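Spelled out, the chains give:
2 protein chains.
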Amino acid sequence: MENSLSLTEENYIKAIFQIGTTPESNVSTNALADSLQTKPATVSDMIKKLSHKKLIFYEKYKGVTLSASGAKEALKIIRKHRLWEAFLVNHLNFKWDQVHEIAEQLEHIKSSELVNRLDDFLGNPTIDPHGDPIPDANGQVQLGPSKLLSEMTSYENGIIVGVKNEDPLLLQHLDKINIRLGLHIEVTEVNDFDQSMQVKLADLGTLFLSEKITSQILIAKNL
Amino acid sequence: MENSLSLTEENYIKAIFQIGTTPESNVSTNALADSLQTKPATVSDMIKKLSHKKLIFYEKYKGVTLSASGAKEALKIIRKHRLWEAFLVNHLNFKWDQVHEIAEQLEHIKSSELVNRLDDFLGNPTIDPHGDPIPDANGQVQLGPSKLLSEMTSYENGIIVGVKNEDPLLLQHLDKINIRLGLHIEVTEVNDFDQSMQVKLADLGTLFLSEKITSQILIAKNL
DNA sequence: TTAAATTTTTAGACTAATCTAAAAATTAAT
DNA sequence: ATTAATTTTTAGATTAGTCTAAAAATTTAA
Chain A
1 MENSLSLTEE NYIKAIFQIG TTPESNVSTN ALADSLQTKP ATVSDMIKKL
51 SHKKLIFYEK YKGVTLSASG AKEALKIIRK HRLWEAFLVN HLNFKWDQVH
101 EIAEQLEHIK SSELVNRLDD FLGNPTIDPH GDPIPDANGQ VQLGPSKLLS
151 EMTSYENGII VGVKNEDPLL LQHLDKINIR LGLHIEVTEV NDFDQSMQVK
201 LADLGTLFLS EKITSQILIA KNL
Chain B
1 MENSLSLTEE NYIKAIFQIG TTPESNVSTN ALADSLQTKP ATVSDMIKKL
51 SHKKLIFYEK YKGVTLSASG AKEALKIIRK HRLWEAFLVN HLNFKWDQVH
101 EIAEQLEHIK SSELVNRLDD FLGNPTIDPH GDPIPDANGQ VQLGPSKLLS
151 EMTSYENGII VGVKNEDPLL LQHLDKINIR LGLHIEVTEV NDFDQSMQVK
201 LADLGTLFLS EKITSQILIA KNL
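Top line first, the protein sequences correspond to chains A and B. With this note's numbering as the guide, the letters of the first sequence map in order to residues 1 to 223. With this note's numbering as the guide, the letters of the second sequence map in order to residues 1 to 223.
Treat the hints with caution; some may be incorrect.
[Stated by the list, open to error] Facing chain B, a subset of chain A residues (Cβ under 8 Å, in silico): (1) 77; (2) 100; (3) 102; (4) 110; (5) 111; (6) 118.
Just so you know, the hints here were simulated from the structure itself, not pulled from any lab data. If you're wondering where the values come from, they're calculated on a predicted model, not measured in any experiment. Every residue, glycine too, gets a C-beta built ideally from N, C-alpha and C.
Can you make the complete structure from the sequences, with help from the hints?
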């Protein structure tokens with residue numbers, strides 16, 4: 001139980017969470033160095049440390065992924081960040097573009113009691129001032145209302161949260177083309193004639209989908 | 001202008017401010033080590049650093065005193081600490097004995113905009129939940145109502161904030177026995193028969209005062 | 001007023017987080 | 001399928017803050 005993270009460790013965990021488009025996707029050393037404004041060598045060292053603490057999975061030269069406990073920590077930090085942003089905007093009259101930097105500091109304050117009371121004080125909001133969802137005390141995210149993939153246009157993106165229809169033939173087809181719940185998806189192109197789509201799936205590249213399929217897939221806004 | 005203090009430096013400055021009963025009194029290395037739960041050797045090193053930054057005055061083997069800029073920093077930290085405590089108790093329903101540890105973290109958040117907006121949000125309180133005064137944005141402390149030294153009883157203490165009477169003979173006498181404004185004073189004993197008092201003055205030791213004198217001296221609660 | 005006790009400082013070392021420069025592994029390109 | 005370019009890791013140093021042990025200065029007490 002004696003495992004409270006340092007400020008630096010928290011920042012690494014959060015960055016890994018935010019860079020990884022899906023929980024499975026590997027985050028590269030360079031991407032992390034860029035995001036944290038530090039050098040790849042530094043990241044390499046820290047990765048070893050976090051890996052040793054079992055917060056991330058790591059294979060040399062292959063990037064990192066959060067473990068279950070790592071993801072839990074990330075969600076706690078994001079929860080705090082977004083609750084504080086809500087406080088700053090809703091009660092201290094900050095503009096929504098002024099709160100990020102301050103919330104970056106406040107997110108590291110350690111006291112679950114404080115976070116939960118703040119949550120209550122704010123009326124248990126589900127989204128922050130930027131519209132991003134606020135994880136609850138258990139790390140659960142209330143995803144926004146989902147819509148059909150077929151209703152989306154180019155450049156829109158989100159994560160796959162469900163299928164409208166349980167037809168085994170459809171589900172088997174989706175399995176075959178590697179579409180599954182939780183995947184990040186972005187619409188690349190929509191064909192005006194038959195509404196077929198070109199989409200990009202995290203880590204799985206480009207795919208063509210007919211309207212018959214896109215009209216069965218539910219998408220929600222990503223974290 | 002590039003002189004933002006580290007968390008550790010802030011804690012040293014605050015401890016020096018709080019241990020020194022008066023702005024002039026020297027704070028010893030050991031007292032600081034005790035207060036900060038560290039070792040004298042560590043304090044010795046940090047003292048050199050703070051001295052070099054001109055936040056404190058330091059003479060080897062003679063303890064330290066805050067400089068003007070050091071005192072300003074200390075007041076900023078204390079202001080933040082007490083404002084956050086007020087927020088935690090008045091708006092998040094914490095009990096007054098639960099807020100210190102959390103405020104110890106919150107006091108280090110850097111944003112004067114945040115502090116001032118928080119101050120406004122709280123209605124510009126002048127005391128925190130423990131009755132301690134909250135410095136304003138300029139570091140000015142609104143001292144609580146003063147009372148006569150003659151109205152105090154054993155163990156009560158405070159700082160000398162005024163004299164009721166401007167009689168030169170009285171003032172000269174006070175000068176002679178080293179009593180002056182700003183000094184911390186504690187009542188050691190009160191004589192039931194003639195109301196004369198034994199008092200302890202910061203750094204000046206014990207003194208006997210007749211009721212004629214104690215009834216002229218105004219005391220306010222110390223910081 | 002000299003000796004003993006205490007306080008403070010110095011010396012040398014350790015850890016966490018960082019850096020630069022160079023080596024090693026992977027990926028891309030001819 | 002080699003070579004070139006890129007990415008990642010290692011090696012060796014650096015800084016802030018800390019420690020222990022020992023030396024030096026100050027204070028207290030016989």
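Going down the list of hints, with the structure as the test:
{"no.": "1", "hint": "77", "verdict": "violated (15 Å)"}
{"no.": "2", "hint": "100", "verdict": "violated (12 Å)"}
{"no.": "3", "hint": "102", "verdict": "holds (5 Å)"}
{"no.": "4", "hint": "110", "verdict": "holds (7 Å)"}
{"no.": "5", "hint": "111", "verdict": "holds (5 Å)"}
{"no.": "6", "hint": "118", "verdict": "holds (6 Å)"}
When each numbered hint is compared with the structure, violations occur for hints 1, 2.
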